[in-house]
Amino acid sequence: MATTQVAYDGNPHIGLFAKASENFALLPLGAHAKFTKAAKALDCRIEPATIAGSNLLGIFCALNSNGIVLPIFTEEHEKKFFKDLGLNICTLPSNFCAAGNNVCANDKGAIVNAEMPHMLVKKISECLGVEAVPASIAGYFTVGSACVATNKGFAAHNRIKEEEMELLKSVFKVGGSNATVNMGSPFIGLGIIANSKGCVIGEATSGFEASRVMNALELE
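Using the working numbering, count along the sequence shown one by one with no gaps and you end on 236.
Keep in mind that the hints were calculated from the coordinates and are not lab data.
Hints may contain errors.
Once the Cα atoms are required to be at most 30 Å apart in a straight line, the calculated DSS-like pairs of lysine-lysine come out as [to be verified]: (1) 99 with 124; (2) 213 with 124; (3) 99 with 138.
Only a predicted model underlies this, so the values are computations on that prediction, with no experimental measurement involved.
Can you build the whole structure from these sequences, using the hints too?
So this is what it looks like as structure tokens:
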């Protein structure tokens, strides 16, 4: 299992810019060599991309091995790119357009913003090929910013409630724990990129924090 720490153009909140599944990591077009090299810790194919012309891939998408959830304003050539990767596609309306903040998924389940309407939750479930469950984490509806899940484990907001933790274990069908990144930030989704084979962690993360994240993701 591999882990490494890096920043994106000096920003340790690397989860804003990239997202990974078991098969590939989506990185911004033109990402610098150090960032691309760090992503090799994920032991998967690197796919440079944009979403809506933006490099904020981690904010604008949620994905697993089956599909990708995108904002409604994703450009047609970008949708084709993701379809060519073999992914199902669904889009979210503007009030939930930051899919990476509003959805967290692995290949066994997904949690979504508890304020999403039922039909949207169903749409996400069909796209990702797993059950999608409305949830909150530490009282936040932006569950994707507060959690990262892989097929081996999950790391969640440091103040996650006990009943929320049990729900995540049930949905993702793996164990997990709370953690922080980048010297105290509880918003795990903004600070790491992970799959079951490795993890890239924000450069400002302490050694203790990194160890806790790795333990939560069962990468140690």
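Here is what the structure says about each hint:
no.: 1; hint: 99 with 124; verdict: holds (21 Å)
no.: 2; hint: 213 with 124; verdict: holds (16 Å)
no.: 3; hint: 99 with 138; verdict: holds (20 Å)
Consistency with the previously given hints is maintained throughout, with no hint failing.
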